[in-house]
Amino acid sequence: LTQDADARDYWLVCFEEAIDKFVERAIQSQVHHSDAHQRAKIFKEKYLGRLQQLRLHPFAFGSLTVRSLLDMREHCLNEFDFPDPNLQQKRMENEMAIKMLKSRIDALDSMNWEDRQIALVQGLLAGNVFDWGAKEVAKIMESSDFGFADANKRLQARPWLVDNVNEWLARLKGAAHKCAAIFVDNSGMDVVLGVLPFALELLKRKTKVLLCANSKPALNDVTYQELKVLIRKVAAIITEVNDALSSCQLKILDSGQGSPCLDLSRLNLEVAQAMESYGTDLIVLEGMGRAVHTNLNANFKCESIKAAVLKNHWLASRLGGDMFSVIFKYEAP
5 LTQDADARDY WLVCFEEAID KFVERAIQSQ VHHSDAHQRA KIFKEKYLGR LQQLRLHPFA
65 FGSLTVRSLL DMREHCLNEF DFPDPNLQQK RMENEMAIKM LKSRIDALDS MNWEDRQIAL
125 VQGLLAGNVF DWGAKEVAKI MESSDFGFAD ANKRLQARPW LVDNVNEWLA RLKGAAHKCA
185 AIFVDNSGMD VVLGVLPFAL ELLKRKTKVL LCANSKPALN DVTYQELKVL IRKVAAIITE
245 VNDALSSCQL KILDSGQGSP CLDLSRLNLE VAQAMESYGT DLIVLEGMGR AVHTNLNANF
305 KCESIKAAVL KNHWLASRLG GDMFSVIFKY EAP
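So the sequence shown is numbered by the numbering used here: it starts at 5 and just counts up by one.
For the record, the hints were derived by calculation from the structure and aren't laboratory data. Keep in mind that this is a model prediction, so the values were computed, not measured. Keep in mind that the hints are not guaranteed to be accurate.
[Unchecked claim] Keeping only pairs whose Cα atoms sit at most 25 Å apart, straight-line, the calculated BS3-like set for lysine-lysine is:
id : residue 1 : residue 2
1  : K25       : K210
2  : K220      : K48
3  : K182      : K220
4  : K237      : K210
5  : K182      : K157
6  : K208      : K220
7  : K237      : K103
8  : K25       : K208
9  : K143      : K45
10 : K157      : K106
11 : K25       : K45
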């Protein structure tokens with residue numbers, strides 16, 4: 005953003021306009037704290053001051069990127085003791101999604117092989133629509149009973165903006181992968197109804213699956229600790245998940261991240277060692293932060309999937325698409 009004035013101006017305004025919602029959510033997360041309003045007010049003043057400083061001096065805090073703006077907001081929230089403003093929302097959405105999981109799995113199991121693979125990819129993407137960090141989507145979710153089926157209908161019709169589904173299906177007709185590392189994004193519908201069915205299909209192929217989640221809260225992203233609790237609840241109702249956990253074919257790992265984006269140079273050592281020791285030959289990056297704002301053009305030595313729904317008009321236009329355009333980028337070295 006330091007080199008692209010138009011992009012810089014857009015994103016600084018975007019983050020400024022979003023601040024009131026974050027202040028509101030921060031206060032709601034601590035309604036029983038008498039000083040919550042005051043701390044939220046100071047958080048807003050400090051964050052807006054930082055944004056104004058960046059408008060005048062883009063290099064003030066080093067490299068300026070969407071990731072650095074997202075991280076700066078999380079740092080400011082933590083500084084004023086709002087470590088997880090979305091905690092209650094995440095818990096509610098997780099419980100709601102778990103109740104829907106069995107029927108989703110049953111529906112997928114009733115399909116023929118090819119239809120199921122396409123539905124799994126579409127589900128991975130539909131789940132990713134549920135992102136409280138995307139202003140346009142947050143408005144939709146706040147104003148209506150927006151469900152998983154609704155998200156599916158919002159997706160761009162195929163062929164997508166980046167559409168490597170056919171290449172992925174052709175690959176699935178070959179030998180199973182040894183190990184897939186999936187870097188998950190949002191809580192609720194995303195991880196439960198999107199990621200888990202996709203992971204289950206890989207497990208059925210005898211592929212080991214590593215689900216990697218953030219160490220610290222960021223937006224409505226699921227954290228490592230939350231995912232551990234969530235998977236135990238899922239295991240109680242889905243036999244295959246319970247079996248995969250018991251046999252260590254499914255492992256939950258702490259990625260070491262605390263951002264909606266993903267810095268692969270700063271992974272937890274445990275994740276890096278697990279990926280190496282299990283012979284990881286498939287990396288799945290899910291969501292705009294992990295697959296578009298960062299890593300869209302990253303080249304890997306193994307197969308990779310970058311899957312995201314574009315939930316920002318400006319970014320979608322920049323990439324040649326529109327709101328709810330889809331990126332499903334499958335690459336083999």
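Hints versus structure:
1. K25 - K210: Answer violated: K25 to K210 is near 44 Å, above 25 Å.
2. K220 - K48: The given pair, whose Cα atoms are some 21 Å apart, holds under the 25 Å limit.
3. K182 - K220: violated, 29 Å
4. K237 - K210: Holds, at about 22 Å.
5. K182 - K157: violated, 33 Å
6. K208 - K220: violated, 31 Å
7. K237 - K103: Roughly 10 Å between the alpha carbons, so the hint for K237 and K103 holds.
8. K25 - K208: violated, 42 Å
9. K143 - K45: holds, 23 Å
10. K157 - K106: holds, 21 Å
11. K25 - K45: The given pair, whose Cα atoms are some 12 Å apart, holds under the 25 Å limit.
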